[in-house]
Every structure is written in structure tokens, then in C-alpha cells.
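Participant: Residues per chain are reported as follows:
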Amino acid sequence: MNKDKIANFINEICDEKEYKIIDSNSAEFLNLNLRNDIGFDSFDLAHLTVMIEDEFDVDIFEDGIVLTIGEIIKKLE
Amino acid sequence: MVLLNNYKKFETLTYDELLKKINGAEILNKLIDEQDPITFYIQLLTNITYNVDSIIKDNDFVFDDKKDFTQKEQTNNLAIEVKKVFNSWEEFLSNFLNSNSKITIFTSGTTGKPKRVVHPVSKFIEMSRVGNKYEHNIWSFLYNPTHMAGLQVFFQALLNKNTLVYLFQCTRNEFIDACSIHGITHVSATPTFYRLLSPFNFNLEKVEKCTLGGEKSDVKLIQKMELIFPNASIHNIYASTEAGSLFISKGDTFRIIDKLKDKIKFQDNEIVIHKSLLGNFDTDEWFRTGDLVEFIDETKKEFRIVSRKSDTVNVGGNRVNLLEIENEIHQMNGIVNAVVYAIDNSVLGKIIVCEVVSTATYTPKEFKEVLKQRLQLYKIPTKVKFVQELQTTRTGKLKRS
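Chains as they are written, first to last, in our numbering: chain A, 1 to 77; chain B, 78 to 478.
To be clear, the hints were calculated from the coordinates, so they are not data collected in a lab. Watch out, some of these pointers could steer you wrong.
What follows is a set of in silico ranges between Cβ atoms, one per label pair, in the way DEER data are often shown [said to hold, decoys possible]:
1. A:Asp23 <-> B:Pro307: 46 to 52 Å
2. B:Asn391 <-> A:Asp54: 53 to 59 Å
3. A:Asp54 <-> B:Ser257: 32 to 38 Å
4. B:Lys192 <-> A:Tyr19: 27 to 33 Å
5. A:Asp15 <-> B:Asn391: 24 to 30 Å
6. A:Tyr19 <-> B:Asn391: 49 to 55 Å
7. B:Ser275 <-> A:Gly70: 46 to 52 Å
8. A:Arg35 <-> B:Arg381: 40 to 46 Å
9. A:Asp41 <-> B:Lys192: 40 to 46 Å
10. B:Asp374 <-> A:Arg35: 34 to 40 Å
11. B:Val296 <-> A:Glu55: 36 to 42 Å
Note that the coordinates shown come from a computational prediction; the quantities given were computed from them, not determined experimentally. Backbone N, C-alpha and C define an ideal beta-carbon position, used for all residues, glycine too.
Could you put together the complete structure from these sequences and hints?
Facilitator: Listed below in C-alpha cells is the structure:
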């Protein structure tokens, strides 16, 4: 469930910024690096934190850098 | 002449009836609570004519009476029995004009704790324009009565015995109706109030003068105001709780009048005011207002207000002026009103959020696309919320939170 929500948030930003849409069913999904693989800049990461905080009330970057989608989902568990 | 009109629930008084109420006042309270406007003004005017200082408590703020008011102020609260009777309005006015009492009001505290500022009553009298040419003015009252702008409008009307129609916190339709019913000629309000008059599909031909104060306005708003007030001269006023009214603009350009030239200066484009122009509060000789300008003609000291210092935030190392963004949003098609503010963010320090009232339909993506043509990328709001209406403070300014 969380996985799909996170994928939707990321794809919302990808759509807005015209990055390649990601597939939450792909084998590498959890290992995708937000910056290197998806292409997020710091503004996109900031946007993502706001979306996740609004939904889950968790600031994923509060304790430091989160690199991959898998790390985000782990923080929400 | 009507002093306060019973628009909502307050009684209507003529100036003679007001005088009777002042004559019938039994005690003087130094601390004045904002209650209904009539009780408030009777208390204030009674104090003034008895040379008693007034401290106006503002119900917008949570006061801790033990800390915010001294022991002396509290024990002096129930003060003097009133025995004087004014036999005529002229007698009252003469007493009023010669009063040496002071009025303490509070700044809004948007940049910290509310600060108390003490003004002599003579300051309000100086700021008022009195004479035959003002005697037929009919004022709408649209400010918080306990704040500087509200007091100024009240004293301006009182000294000319003008009709004053109390419309503070009225709706758009109540305002339009009141202007038609009472033939209002003078309107003074915040830019937010005028924006909330949208849709601008009516006109109020009897209005002769409109002023905007308390917030930055923009050219597009003035153009809309010209449609609904076709016969009015429209001016921005630069005023503050600390100083009262200082400048009036032509369009959006302010000019310092000669008699103030030695008392106003600019440091790093910030307006700095000499303390001789200010009410009494804890300040250095020169008071930094926090209001930033851009010069149209520096030699003539003509300038435009750009923003407040507090309107500038750091987003990921970039300085961003929130009002610049707000201004650009207002230029977009279908935008009725917008507010831009910053919230804390663990990645960038701050991010920009905007709330928008729009008659046009935008997705957040479309909205940002339009703004990208006008602003650098780091100024584009991260979060865009489309809302039915924006929240305002009791002062009538937009709430930025």
C-alpha cells in the first residue's frame, strides 16, 4: 500500500518535471536512487517530503539523507 | 449626522446622542477592552476629554495581564468618577482638541510579540483633515477599531461630524448594499478587503475617495478598483502603528514631502524613520521599519514599496521574496486572490507554499508551468492549494501561515 502511494507521489513529480515515469512493479523499484536513477533535484526531494509528511505525518529526511525508495518505505514502517 | 450606523447589531447614534452618553459615563477606565464599537468609543472619548490616558487592549492577541500590564496600570484601572457635563458639541470638541491624554495601542506582532506604542491624542488630531470641504463625507468603517487605521478613520469622521457606517468584517454584499443605502463617499481598507470584492461586476458611483493601506497593493488591483469606483481617486497610504500615516502615493509611487525629508532616510533600501515622527516606544534614534523600497527617482526620493524584510526567505540558499511571487500569481488569468508563504522543510530549510482562489481551472502542473514563464525555478511554489477563500486576520490582512 505504502509502496503504491510513494510511487504515485514520485510519479506526480516526474510528470510535473517531465522525468521518466517509474513502475512500482519493476524488480529494481525499491533500489531506485532518487537522485541518480530518477533525476530528482533538491527541490523535488523537498516536494516529496511535503507529500509524504501530509499523508503519513513523517518527515523522511528528519534524521538525514534518504537515498532510495526502499529507504523511504522502511522509514514509514 | 449619524455617528455609527446599525448595520449589524450595534445601535445607531447621532453626535448629540453620543454626547449625552459621554455626559452620562460614570467612571473612567484606563484599560479599554474592545467590546461593541459604541461602548469602546464612548469610553475612549470620555478618557480623552478628562485627560486620562487610555490603553487599548486588543482582543486579537492573548494578553497575559500580569506581564503585559504593570501593577500600577491594573490598580489604576477603576479611576475617577465623571462629573463634568458638556453643554454643546463645540464645548466637547474644544475639550477634546486641547486634551493632553495619550493612547496606547499595540503593533500586530506579526514579527514577534506585540509591541506597545504610545501616541498623544494630538497626533491623531494632526493626522486628521478638518474643514468645510470634508463636512459631507460619509465614511465606511472597515478597519479594526482598536488599531491605528481604525482610530484614524474614526477621528477623521468625528472631527468633521461625518456619518460613519460601521462595516468592519462585513461581507462583499453587505458592503455593496451599505454603499448604496448610505451613499458612502469614502472607503479606506486593506488591499485584501478590496480583492475580496471580486467579482468586480458592480459600480459604486458615489464613492469619491478610496485608500488602501496595511499591505502592499498592485497595479492590477488598482485597475479593478477603477472599474467599481469609477468616480473615486484611489491612493495607497503608507502607515504604521508606530508612526501613523506618513506618505500617500500617486499610483504606486510614493514621494516624501519636504517637511519630512530630514526625518526619513533609507538604509539598504529600507525605510528608516526618525523617532520624532513616532509614538513613544523603546527605539533607537532611527527606527528601521522593515519595509523595503525600490527607487523610481532617487534624487526626488520617489519610490515604490517592494516588500517587507520578513517577506524574504531563504529557500535552499536562494533568497526568495514572497510578495514577488504573489504579485506574479495575481497577474495570471482567473486569479481572484492568492497568498504565498514559506514552511519549514528538512531538505531546503524552507519551501514555498501558495493558496489560490481562482475562477479559472488549473492543475498544479499547469499553474506552475505558467509561473515558470515568469519566475526563476527556485521561486516556483512547491505546494499549490486551490481554495474557496483565503483566511484573513481581524485586521483584514491575509493570514500567512
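Participant: Each of the hints needs a verdict: does it hold here or not?
Facilitator: For each hint, the structure was consulted:
{"no.": "1", "hint": "A:Asp23 <-> B:Pro307: 46 to 52 Å", "verdict": "59 Å, violated"}
{"no.": "2", "hint": "B:Asn391 <-> A:Asp54: 53 to 59 Å", "verdict": "23 Å, violated"}
{"no.": "3", "hint": "A:Asp54 <-> B:Ser257: 32 to 38 Å", "verdict": "45 Å, violated"}
{"no.": "4", "hint": "B:Lys192 <-> A:Tyr19: 27 to 33 Å", "verdict": "49 Å, violated"}
{"no.": "5", "hint": "A:Asp15 <-> B:Asn391: 24 to 30 Å", "verdict": "28 Å, holds"}
{"no.": "6", "hint": "A:Tyr19 <-> B:Asn391: 49 to 55 Å", "verdict": "26 Å, violated"}
{"no.": "7", "hint": "B:Ser275 <-> A:Gly70: 46 to 52 Å", "verdict": "48 Å, holds"}
{"no.": "8", "hint": "A:Arg35 <-> B:Arg381: 40 to 46 Å", "verdict": "41 Å, holds"}
{"no.": "9", "hint": "A:Asp41 <-> B:Lys192: 40 to 46 Å", "verdict": "41 Å, holds"}
{"no.": "10", "hint": "B:Asp374 <-> A:Arg35: 34 to 40 Å", "verdict": "48 Å, violated"}
{"no.": "11", "hint": "B:Val296 <-> A:Glu55: 36 to 42 Å", "verdict": "40 Å, holds"}
Violated hints, listed in ascending order, are 1, 2, 3, 4, 6 and 10; each of the other numbered hints is respected by the structure.
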